[in-house]
Amino acid sequence: MSTSDKYIDAFVEAFELEDRKEAEVLEYQSIENWDSVGHMTLISELEDAFDISMETDDIVEFSSFLVGKEILKKYDIAV
Amino acid sequence: MPLLKKPIVVKKFRDFHKYVKKNNGQIGTKQRGIDVNLNNACNLRCEHCFTNSPKGDHVKPVIPADKIAEIADQAHELGIFEWDLQGGELLMRPELLFETLEAIKTERFYMYLTTNGWHMTPQIAKRLADAGVDRVSVSIDSMDPEVHDQFRGKKGSWERAIKALEYVQEAGISPYLNITVGHYNAFSEDIQMLMQYSKDKRYTTLLNVATPGGMWSQMSDIMVDEADKAHLIEMRKKHKNILRNLWDPFDKKNEGVLGCNTINRLYITPLGDVLPCPYVHIKVGNIYEQTLQEISDFGFKIKYFREYSASCLAGEDKNFVKKFMSKEGTSIFKPADAREIFNHEELDEESEGLIPLVNVS
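Respectively, the protein sequence lines represent chains A and B. For the first sequence, my numbering gives the first residue as 4, with consecutive numbering after it. For the second sequence, my numbering gives the first residue as 5, with consecutive numbering after it.
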């Protein structure tokens, strides 16, 4: 599975998306499931998928699908 | 205020999430929250009030700001991430409330206020948001204003409660519609309508099960039964915006149960007495005599509060209620003493108390 697919899968799993294309436009609180609890679930999915442990500052900054891609570069993950 | 604006809270919330995940979805002995009854005075006369406010019970004592600041520091050190300020009705004395919020240093907690909504205005809602309040919970008993008003003992209280939720939503605070559910209404159409209203308005619904304490002391027939509990889980799956404190909020299937939150969410009365939760009127300490750490350590030495219970002890466990909560005259201000009501097997003061299951790094 590609890195990109793993990244999208994390969003699909965390927010129970029916269409994978929905993930690419998501932002924090743009859908009901991406609230503070959903955010923790997403971070957990990403950490499991990429075997990383994210810093609190990065968790706070992780405000959208696109911003998240930039943040993951700090962990040597190119999506 | 979005929680991500509070990095200190995010870190503690994440620790909690990791703990629960490693602990098979159970809360164990992880500290979670604190409920503070700052002052018990109230303008309504609710039939089911668990603090006996309608009887005028201890309506004058207030926990002073310097003590609140001390407790907040202790709570933060314990990893507590959520703080519920309640009464009484705290919006009757807004300056006291805002002084307290300042003392807490709200950037350290997911901060919420429980109110009947009577005194809420758009201006107050904005001030609460500016003071770091993340959520406001307002209890509503029915979609029929007359039913709600009669239950609350004051005409116009339904309309004020409905408006209050709208004001806080407009101010950027998360609105929570609280519903008390007992055996008498769990399957009622009115409750269904309330849940649907909350969903339609994009609120969160918080269910509190009715407990036989305070004004409803000795009334164990109001407690939910197994069929009621199963029905609430069905509603949780259907609506997806419904929470109970003992449910696992991280469970995507919407069926996991963290376990009863006794000691995990300490309740502090205006006299400083500490109870395992708002509804179990058993004293485990006092903030003027012990630290929160000492009180928590003691509380978890009581097996009922340490061991996993899928049922709310005060609202669902009839054996616990019969054995420990049926003494007449018991209230949040006259709680039973844990050292007197539990025997040596139930309270082993020599034991460690904490469950050594999880080591969260």
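These aren't lab readings, by the way, just hints derived from the structure by calculation. Every residue, glycine too, gets a C-beta built ideally from N, C-alpha and C. Heads up, some of the hints might be wrong.
[As the list claims (entries may be wrong)] In silico lysine-lysine, BS3-like type, Cα no more than 30 Å apart, as pairs:
| # | chain 1 | residue 1 | chain 2 | residue 2 |
| --- | --- | --- | --- | --- |
| 1 | B | K59 | B | K25 |
| 2 | B | K25 | A | K72 |
| 3 | B | K26 | A | K9 |
| 4 | A | K77 | B | K15 |
[To be verified] Sample of chain B residues at the chain A side, in silico, Cβ under 7 Å:
| # | residue |
| --- | --- |
| 5 | L7 |
| 6 | L8 |
| 7 | K15 |
| 8 | H21 |
| 9 | W251 |
| 10 | P253 |
| 11 | A340 |
[As the list claims (entries may be wrong)] According to the in silico footprint, chain B covers these stretches of chain A (three or more CB under 8 Å from chain B):
| # | segment |
| --- | --- |
| 12 | 4-13 |
| 13 | 19-25 |
Going down the list of hints, with the structure as the test:
no., hint, result
1, K59/B with K25/B, "violated, 43 Å"
2, K25/B with K72/A, "holds, 25 Å"
3, K26/B with K9/A, "holds, 23 Å"
4, K77/A with K15/B, "holds, 19 Å"
5, L7, "holds, 4 Å"
6, L8, "holds, 5 Å"
7, K15, "holds, 5 Å"
8, H21, "holds, 5 Å"
9, W251, "violated, 11 Å"
10, P253, "holds, 5 Å"
11, A340, "violated, 35 Å"
12, 4-13, "violated (count 0)"
13, 19-25, "violated (count 1)"
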